[in-house]
Amino acid sequence: MPGIKPSLDQEQVLSLLYKHFADPSINLSEMEGGQVAQTFVFTVNGQDYVLRFITNRMGATFAKEAYLQRRLDLRIPLPPIIHTGSFQEQYYAISHRVPGKPMIQLSWTEYEQVVPSLIEMVDAIHHADVSGTEGYGVFNDQGAGMFSSWKQFLSSVREEEEENDFYGKWHVLFQETFLEREVFDFIYDHMLALLDACPEDRFLLHGGPGHGNVIVHAGKITGVIDWLDAQYGDFVHDIAALDLWVPEIRFAERFQQYYAAQGISVPAYAERLRCYECHIGLDALRFFAKARDESAYQWTCQRILSLLGK
Numbered sequence: 009m010p011g012i013k014p015s016l017d018q019e020q021v022l023s024l025l026y027k028h029f030a031d032p033s034i035n036l037s038e039m040e041g042g043q044v045a046q047t048f049v050f051t052v053n054g055q056d057y058v059l060r061f062i063t064n065r066m067g068a069t070f071a072k073e074a075y076l077q078r079r080l081d082l083r084i085p086l087p088p089i090i091h092t093g094s095f096q097e098q099y100y101a102i103s104h105r106v107p108g109k110p111m112i113q114l115s116w117t118e119y120e121q122v123v124p125s126l127i128e129m130v131d132a133i134h135h136a137d138v139s140g141t142e143g144y145g146v147f148n149d150q151g152a153g154m155f156s157s158w159k160q161f162l163s164s165v166r167e168e169e170e171e172n173d174f175y176g177k178w179h180v181l182f183q184e185t186f187l188e189r190e191v192f193d194f195i196y197d198h199m200l201a202l203l204d205a206c207p208e209d210r211f212l213l214h215g216g217p218g219h220g221n222v223i224v225h226a227g228k229i230t231g232v233i234d235w236l237d238a239q240y241g242d243f244v245h246d247i248a249a250l251d252l253w254v255p256e257i258r259f260a261e262r263f264q265q266y267y268a269a270q271g272i273s274v275p276a277y278a279e280r281l282r283c284y285e286c287h288i289g290l291d292a293l294r295f296f297a298k299a300r301d302e303s304a305y306q307w308t309c310q311r312i313l314s315l316l317g318k
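Here the working numbering = 1-based position in the sequence shown + 8.
Any given hint might turn out to be false.
[What the hints assert, rightly or not] With a cut-off of at most 30 Å between alpha-carbon atoms, the simulated BS3-like pairs for lysine-lysine come out as follows:
| # | residue 1 | residue 2 |
| --- | --- | --- |
| 1 | Lys177 | Lys298 |
| 2 | Lys109 | Lys13 |
| 3 | Lys159 | Lys177 |
| 4 | Lys13 | Lys298 |
| 5 | Lys318 | Lys298 |
| 6 | Lys13 | Lys177 |
| 7 | Lys298 | Lys109 |
| 8 | Lys298 | Lys159 |
| 9 | Lys27 | Lys13 |
| 10 | Lys27 | Lys109 |
| 11 | Lys318 | Lys159 |
| 12 | Lys109 | Lys228 |
Everything labelled a hint here was simulated from the structure, so no lab data went into it.
Let the sequences and hints guide you as you build the complete structure.
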């Protein structure tokens, strides 16, 4: 199957940047991490920028971010994109770089201090105006969801995609990698059993508001990045993502306390959380199989199965 992320060298990248910036003294370095984008940071005339490359299977990603910049409340800081295009059969975007570092790089004490602000930020995303849009699940660069219902979106995680989509005909991973069909189907069946508890609500979701996608500087959130998986659906899905990947913070409990303080009741909260943790886990299992990341795959398996009492 095609690779997850591009792999361009600095000479290629500089040849692109010289088309956008006249200054010959560009200070360029590649950032480590990131699962689907190859990312560089550079400085021109004292201004810091970020350059991201993604594969041509994910071409709508940057246009989608530009769409969200026009729609989102100013309280939600999206670093503005100033250039987009295609290069070396990949798509790229150049953005202003916001100060700070991802939450994943904070000390435990610093992380804990930011959690209340993160909860408020995620809640602000969920209160974004989605009027004039339609559909459920992941949406395109025009704001149209790909599915007619929330349950249809959730159920589709087991289905193969069109050949040119990100996962494509991914069922081959059951034969070619460590992806285990029995485990996948076990988790999927648990998810299906909980679908009736899930409402057909339409909120804007980040789709992965985790500690790698939130930039923090001096104790404040300065950027929310990587909106590839932004979608319409039940807001509890975002909470499930946070709770799944960082269990030590007890995000599910903290969000429940946050809503209770505002007099907001969330019906079937536990069932919805578990359903969405299964859904997110299933998507992660096929992703890590595609990426050939067996350690991340095994951690996710153990995490989901422990939630299901296995």
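Hints and how they fare:
no.	hint	verdict
1	Lys177 x Lys298	11 Å, holds
2	Lys109 x Lys13	22 Å, holds
3	Lys159 x Lys177	22 Å, holds
4	Lys13 x Lys298	11 Å, holds
5	Lys318 x Lys298	25 Å, holds
6	Lys13 x Lys177	18 Å, holds
7	Lys298 x Lys109	28 Å, holds
8	Lys298 x Lys159	25 Å, holds
9	Lys27 x Lys13	23 Å, holds
10	Lys27 x Lys109	28 Å, holds
11	Lys318 x Lys159	25 Å, holds
12	Lys109 x Lys228	11 Å, holds
In the structure shown, no violation is registered for any of the earlier numbered hints.
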